[in-house]
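Peer 1: Below are the chains, spelled out letter by letter.
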Amino acid sequence: MLDILMNIDWSPFWISLKTGIAATAIAFVLGILFAALVMRISGKLQWLIDAVLTLPLVLPPTVAGFFLLIIFSIRRPFGAFLLDTFDIKIVQTWKGCVIAAVVIAFPLMYRNTRAAFEQVDLTLIQAGRTLGLGELTILIKIILPNAAPGIISGTMLAFTRAIGEYGATAMLAGNILGKTRTVSMAIATETANGHYDVAGVWVIIIVVLSFLIMTISNRFFESKRTHVGKW
Amino acid sequence: MLLEVNIKKETGSFSLNVDFTCDEKYIGLMGASGSGKSMTLKCIAGIMTPDCGRIVLGNQILFDSEKKINLPPQKRKIGYLFQNYALFPNLTVEQNIGITKADRAVIHQLIRKMRLEGLEKRYPSQLSGGQQQRVALARILAYEPNMILLDEPFSAIDAYLREQLQEEMLTILSEYQGKLITVSHNPEEIETYATQMAVLDKGSILQYGAVEEVFSHPATLQTARIIGCRKIAKATRIDDYHINIQEYGLTVTTKRKVTGDVIHVALKAPLDNRKIPVPDGKEITENHLIYIGL
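Heads up: the sequence lines are chains A and B, in that order.
All you need for the numbering used here is the position in the first sequence, starting with 1, plus 1.
All you need for the numbering used here is the position in the second sequence, starting with 1, plus 113.
These aren't lab readings, by the way, just hints derived from the structure by calculation.
Note that the structure is predicted; figures quoted are calculated from it, not measured.
Just so you know, not all the hints are guaranteed correct.
[Said to hold, decoys possible] Derived DSSO-like pairs (lysine-lysine); straight-line CA-CA distance at most 30 Å:
#1 B:Lys-138 to B:Lys-347
#2 B:Lys-234 to B:Lys-214
#3 B:Lys-214 to A:Lys-142
#4 B:Lys-121 to B:Lys-214
#5 A:Lys-142 to B:Lys-347
#6 B:Lys-190 to A:Lys-142
#7 A:Lys-90 to A:Lys-180
#8 B:Lys-315 to B:Lys-190
#9 A:Lys-142 to B:Lys-315
#10 B:Lys-226 to B:Lys-180
#11 B:Lys-214 to B:Lys-188
#12 B:Lys-370 to B:Lys-344
#13 B:Lys-121 to B:Lys-315
#14 B:Lys-180 to A:Lys-45
#15 A:Lys-180 to A:Lys-96
#16 B:Lys-315 to B:Lys-181
#17 B:Lys-188 to B:Lys-226
#18 A:Lys-142 to B:Lys-226
#19 B:Lys-121 to A:Lys-45
#20 B:Lys-234 to B:Lys-181
#21 B:Lys-315 to B:Lys-180
#22 B:Lys-181 to A:Lys-45
#23 B:Lys-181 to B:Lys-226
#24 B:Lys-190 to B:Lys-234
[Unchecked claim] Here are the simulated distance ranges between beta carbons:
#25 A:Ala-193 to B:Tyr-236: 43 to 49 Å
#26 A:Ser-43 to B:Lys-347: 24 to 30 Å
#27 B:Asn-197 to A:Ala-26: 53 to 59 Å
Ideal Cβ positions, reconstructed from N, Cα and C, are used throughout, including at glycine.
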């Protein structure tokens, strides 16, 4: 057993962790911005934007990955433009890991944040407006603090989803050891090669990590919410 | 400062159509729930937008659909006391009051005036209803608005505290220089906080006038019910200045000329509260009566 641990290449763990943190940070900002935007519109347009933003949650990740590949492939206009103008390559790189994880984790952040925004008493926002506070001040000083539990739970879910991302990452970033091979990717590769013991180590790590995150976030909520009776 | 409100708004099956101009400082809007009084207030504050019309305060046009003017609430300088007070739960008393102002001296003066000393660091959830109301009012006064709107100010206060708080708030507001609009379904609150009033029903104004006039001479039975008249009795015309109220076995002299054949009367509040449904006729004089449709 010790032998396995000694000889394991730990790079997938660090790649997953880095991807998870970077993708969560991006999804956090975008999720809040889009949730705030969608709260400001109504009717069919709101429905449409909401559906598009939620799509990656219901689509198979490989489908999302396929779209991303089409967008960012250097043989296609946008990918070529990024490469020529900014010298940025997405496909088969760590940036690709992050983008795939952002797209997949974003809906969780967005939906949780939006649900939390909907719970914020509208009169608080109206009170802020009649007191002459600007919209950004209202968002930062009033809406975000009062929606914090939902936003934090969205962030936690987005993070767990981002570190475990497989399908879209495989399509966009590939499976290059030391570069784009994440833990999920390592599990698939090791299993395919018959290395069940190494894959097992990775599985344990992921299970423990996910469990830890859920425990922390549940703890946080129990201390925040008022007592809720059993059903 | 003249307030001119002439607005229309359709929402589903409800249609609001309110039109009044008022120069008085204390205005009351009275109506049952769903009559459109809160909606009118929200349109004035700018947190709801009418479909069309005009709202002008003094020389400032707040809303004009023809001129395509619609000032955001932030620019209207109108304070709104919400029914639930809408205190920011994440901020302390001090921070709530100081959200529009950095000047700590002013904030502390308001805290003293509102008798909130010692509660500066508390959060809204740790305050009683009356204290919450004072914080909300202090927060508005710190903003120095041109007009304050009170939306059912005492509906969330226990009945036994209401009277005391009404007087307290009146004392505080008596120093306030701007205009005050009070929305309520409670006749007492309107009598305390308004000199001019509009009675609303189903989105339209049924009657508009001085509070004393509306309360002593409601124009229709519908208005009479909204301003709180109970035990309404029928009266028949005898001649131009006399009516007979059969139910009370009483003939009274009226100050105004009786035009219709049938009018209605109701008893003013103190008599109305009596347990006996038909009081002894001898006790009642014309001064005890509310004349409906006269």
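Peer 1: Take the hints in turn and mark each one as holding or not.
Peer 2: Results of checking the hints against the structure:
1. B:Lys-138 to B:Lys-347: violated, 36 Å
2. B:Lys-234 to B:Lys-214: Holds. Lys-234 (chain B) to Lys-214 (chain B) sits at ~17 Å (cutoff 30 Å).
3. B:Lys-214 to A:Lys-142: holds, 14 Å
4. B:Lys-121 to B:Lys-214: violated, 35 Å
5. A:Lys-142 to B:Lys-347: violated, 59 Å
6. B:Lys-190 to A:Lys-142: Given that 30 Å is the threshold and the Cα spacing comes to 20 Å, the pair holds.
7. A:Lys-90 to A:Lys-180: holds, 13 Å
8. B:Lys-315 to B:Lys-190: Given that 30 Å is the threshold and the Cα spacing comes to 29 Å, the pair holds.
9. A:Lys-142 to B:Lys-315: The hint is violated at about 38 Å.
10. B:Lys-226 to B:Lys-180: Violated, at about 42 Å.
11. B:Lys-214 to B:Lys-188: With a Cα-Cα distance of about 16 Å, the restraint between Lys-214 (chain B) and Lys-188 (chain B) holds, given a limit of 30 Å.
12. B:Lys-370 to B:Lys-344: Within the cut-off at roughly 23 Å; holds.
13. B:Lys-121 to B:Lys-315: holds, 13 Å
14. B:Lys-180 to A:Lys-45: holds, 28 Å
15. A:Lys-180 to A:Lys-96: Cα-Cα ~10 Å, so holds.
16. B:Lys-315 to B:Lys-181: holds, 27 Å
17. B:Lys-188 to B:Lys-226: holds, 27 Å
18. A:Lys-142 to B:Lys-226: holds, 26 Å
19. B:Lys-121 to A:Lys-45: Holds, because 25 Å separates the two Cα atoms, which is no more than 30 Å.
20. B:Lys-234 to B:Lys-181: violated, 44 Å
21. B:Lys-315 to B:Lys-180: holds, 28 Å
22. B:Lys-181 to A:Lys-45: At roughly 25 Å apart (the allowed maximum being 30 Å), Lys-45 (chain A) and Lys-181 (chain B) satisfy the hint.
23. B:Lys-181 to B:Lys-226: violated, 41 Å
24. B:Lys-190 to B:Lys-234: holds, 27 Å
25. A:Ala-193 to B:Tyr-236: 43 to 49 Å: With Cβ atoms ~56 Å apart, the hint is violated.
26. A:Ser-43 to B:Lys-347: 24 to 30 Å: With a Cβ separation near 50 Å, Ser-43 (chain A) and Lys-347 (chain B) fall outside 24 to 30 Å, so the hint is violated.
27. B:Asn-197 to A:Ala-26: 53 to 59 Å: Distance hint for Asn-197 (chain B), Ala-26 (chain A) is violated at roughly 36 Å.
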